[in-house]
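Q: Chain by chain, the residues:
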Amino acid sequence: MEERRLQQQINEQLFKKLQLAYFCVDKSMRVTCFSKNLRNYGYDSVLVGAEIEEHVDFMIGLDAQTELDLPMVESPSGTPVAVSLLPSSGELTVLISDASGHAEQRQLLQQKANENELLLEQQHKLMGQLSLASKELESKNQQLEEASRLQTSFISGVSHEFRTPLTSIIGYTNLVKEDLLLVSESEPEVKASAQQNSEHLRAVQRSSKHLLSLVENLLDHGKLDSNEIFIRPKSTDLAELFDDVALLLKPLSDSKNIEFKLDIELTNSFMAVMDDSRLRQCLINLVGNAIKFTDQGSVTLTARLADESLTISVADTGLGISPENLKKIRLPFWQAADTGKAGTGLGLTITERIIELMGGDLDISSELGKGTCVSFEVPAPMLLETPIGECSTVSGSKVLLAEDDADIADLVAMMMSEAGVDVTHVENGALAIEALRDQPFDLVLMDINMPVMTGYEALEKLQESKNKTPVVILSASSIEADRAKAESLGCFDYLVKPVDIGDIFQIMNRVVDQESL
Amino acid sequence: MTDIESPQIQALKQRYRESLAEKIELIEQQINLIVAAEADAGSLEEAHQVLHKLAGSSGMYGYNDINLLCRKVMSGLGGSSVDDSVNALNQIAELLEQYR
Chain A
1 MEERRLQQQI NEQLFKKLQL AYFCVDKSMR VTCFSKNLRN YGYDSVLVGA
51 EIEEHVDFMI GLDAQTELDL PMVESPSGTP VAVSLLPSSG ELTVLISDAS
101 GHAEQRQLLQ QKANENELLL EQQHKLMGQL SLASKELESK NQQLEEASRL
151 QTSFISGVSH EFRTPLTSII GYTNLVKEDL LLVSESEPEV KASAQQNSEH
201 LRAVQRSSKH LLSLVENLLD HGKLDSNEIF IRPKSTDLAE LFDDVALLLK
251 PLSDSKNIEF KLDIELTNSF MAVMDDSRLR QCLINLVGNA IKFTDQGSVT
301 LTARLADESL TISVADTGLG ISPENLKKIR LPFWQAADTG KAGTGLGLTI
351 TERIIELMGG DLDISSELGK GTCVSFEVPA PMLLETPIGE CSTVSGSKVL
401 LAEDDADIAD LVAMMMSEAG VDVTHVENGA LAIEALRDQP FDLVLMDINM
451 PVMTGYEALE KLQESKNKTP VVILSASSIE ADRAKAESLG CFDYLVKPVD
501 IGDIFQIMNR VVDQESL
Chain B
1001 MTDIESPQIQ ALKQRYRESL AEKIELIEQQ INLIVAAEAD AGSLEEAHQV
1051 LHKLAGSSGM YGYNDINLLC RKVMSGLGGS SVDDSVNALN QIAELLEQYR
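Top to bottom, those sequences are chains A and B. In this text, residue positions in the first sequence follow the numbering used here: the first is 1, and each later residue adds one. In this text, residue positions in the second sequence follow the numbering used here: the first is 1001, and each later residue adds one.
Extracted from the complex, chain B is given alone in its bound form (with noise of 0.2 Å):
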């Protein structure tokens, strides 16, 4: 296998890059989601949703700490409160606030 990235692999690492932003976004609105609905099972649904897609195509885009850091905190948001779950979420979105 080559090492060497086309022009094309390198424009769409380049447009997932620029599209963090979004995600943090994102994150973001399931933090105001959970807070308004004291982390009740929908928002906390929704929540993984969301983290368990940016787990799949933080990973395939080669961010690793990102892909775990999303798993670390999908395996433990059953059963979290409002703050744990923030505080989880905050996390995640400092994080990918670094790549930006």
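Chain A extracted, bound-state conformation (with noise of 0.2 Å):
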């Protein structure tokens, strides 16, 4: 009895320095001892021989032997404490420690829990606002692609419609002219009507070709703004291509008294793979703006061929152009107000596109008052020419020649067998598709005028028929829109009439190199 006395003294002192208070029960669950500071903890009615449960709530229910750990419950004096039960030889210790520090941080950690929850809830509801702006700007974004598509849609179609016309005018005029050149042998009042006419029909020519220059640069710019323009390199040769800029834009330069330079240095093998009329089409538009803005002085068209690449510039002693313009002069249809010289505004955004298509930049300096110097360098791979006997991919292919002209078929089956080509002619589609059923060919070449069935349906059943022999057209027409046709149907390639022999066996090594990657 000393004894159990004895260590209860020691549990209280040890209880008390660790700050913890206790009570413990027998089987029964009456009260056996009990530590002083309970009290602290507004636990008054516990006396030795009371039964628990009337007098701690969280003992309601438990028995003796359970061993548990309630980490926060409410004492009566409203501190919260934790509670461990301790079940040892039939009798049940209970220790109730302060749990107030413990309480507050987890009321911190609670707090924080809820912050972060909501600051989660906000999180999600933001990304739910972005993703609803971003959908909405993607609907926008469509509608703006749709609206400029349509537009461009109608720009070229408007456009198309006019040309054919302005055409007309333009070829009309001329025959009218020619008839009224053929009066200047007449009476002299007849001629004097027949002069003044002229110079009517004159500017009608004028008015009308400038129109048609408006209307194909908007053609072009619709097309490059729907990525319509595709560079074509074909063998060009290069020399001929200077030539026949300089023989277009010299009357211009001739009518201003401008001097129109040439300073051309080409390698020996002045053949490169270009897209010629590209590369056409922007050197008279620089060459052609050059002579426009520039009233007295020079032009100078100046072509590097090295490595492989091809670095031109036109220089001029023109106007010049400001900083200021400098910075909106590859803006469409922005046109310098102050040089009076009508312009549609699209010649160098044009050029300045195709230039990039090509491979190059285009660079601009200028100065006020002194000219202007407008260069760009693009890739030019030299042409290596093999003789067309030798041509080791070309002879012993198979080429299938679909066309009802027995002139030009015999002309191009001559000249392909003479390289070692073995050629089969049909005249019309409907014998292509069928001799492309019964043996495999290495080529198609395809006329689109035929009778019986056309070039376009024999593409068609080619296509449907999942048959990739690839197929070149050669076509009289020259018109964008009859290529573009082919190529949606599937052709490989698109010839116009006349066409070189050499192009097609370009073209069949090319085949080769696709089939052998």
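Worth flagging that the hints you see were computed from the coordinates, not collected in a lab. Everything hinted at is true.
Distance condition first, Cα-Cα at most 25 Å in a straight line; then the derived DSS-like pairs of lysine-lysine: (1) B:Lys1072 - A:Lys485; (2) B:Lys1072 - A:Lys209; (3) A:Lys327 - A:Lys370; (4) B:Lys1072 - A:Lys177; (5) A:Lys125 - A:Lys112; (6) A:Lys328 - A:Lys370; (7) A:Lys292 - A:Lys261; (8) A:Lys223 - A:Lys209; (9) A:Lys36 - A:Lys16; (10) A:Lys256 - A:Lys177; (11) B:Lys1072 - A:Lys250; (12) A:Lys36 - A:Lys17.
Quick one: dock chain against chain with the hints and give me the complex.
A: Structure, rendered in structure tokens:
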């Protein structure tokens, strides 16, 4: 008994040091002992012998065998306490400790958790709003793209409709002008009237040509906007191209008494693989602009071909461009208001985009009153010419030629046969389909305008039957829409008659190159 | 590429040259048709087809001026009167005549 009392005293001192309160209950859940500091937590009614359930709420329903930790219990004094139930030899010791610090910590944690939850909720809400805004933007973007497509399509459609009658107007005014020239031998009065009419016709032609160039620029601009302009490299005689440009623009410079200088340095092999018609378009535009904005002095077209790269510059001694205008000059439809020179404001934009498509950058430097220099550098791979007879990829190839015009078919077939190509000739698209069903060919050369089945219809049939034989169209039509139609039907290439047989062989080499990839 | 033409190619070119008379006849037929049909859509379309074919073959045989004239006339044929169409076709026939 003495021992037990002593143990109780030791426990009491130890628990006091640890700031613990306690009470013990026997099997029948009656209090056998308790610490004095139990009162600190408001358990005033706990007495030895008392039934614990009646005095301590958290003990209701528990027994003396249960080991349990209750981390947070509100004591009668209001202080939060942590409770540990420790069963031992049929008795239960219940330890009670102050958990107010712990409670504060928990509260803080809870607060943080709540705040985190709130932040998460706000984050979700913001993400939802962002996603909604993004969808709205996407939809607006689609609407804008559609509007831009419709606008481009409208401009292209209208321009196309304008071009045909304008070409007629220019053509027929030419004819009438020629007729008027015949009147030159007539009586003086008639002659004078004819001269006057001729002047009027020249004005009509000038305006028509201006309109036509506007329409063509609008068409090109529309195509560039909808990515419908393609660069089609082919063997290009650069010397011939520069001569052509000079021949075309010399009369314009002569009419303004401006000197037009050509400074061309090409290597021995001046055959490059480039899109000659697009390069010509750029040069005509740049040199034409230079002449237009130069009233005295000269315009110099310089070209250097080295290391498979073509560098071109067009320098003039014209009006020059102010630094402010130099920033705006590349914008579509922009025109210098103070020069008094009419134009579409599209030429430079189109030229710049085409040069970009060819792999170059347009550089413009200018000084007001002194002149302007426009330059660019584009890749110009050299053409490695192989004599036809020695062309290993062409010789031995099997080519199907679908052409109803015997004159053309015989000539193409003969030239190809001489290069060792095995040519089979058929006269329409239906026979071409039949021939392709019977045997394999390396390439098909197909006319468009054929009886029984046109080239377009044959291309459709080949697409349906999933025949992958490359088809090259040989057409007399240089209309872009015809080319686009053939391309949409899957033709490998489109050549305009008169066709250079060397171009066909180059395409055959390309076919072999692609197949070997 | 070689500039020397084989006898077979030369023969084909000769054959084409000899066929120019037939081509002139064909154009004259078109002129008569246009006059008879008063340049209706059908007759102009047929003339267009003939010129389309001539443009293709003449260029292939090196007659670039015939090719260009055919293209020029083709582009203006759509909305032209009987006289205009006949005059334009006569121009082509005259050019062909020069090479006979």
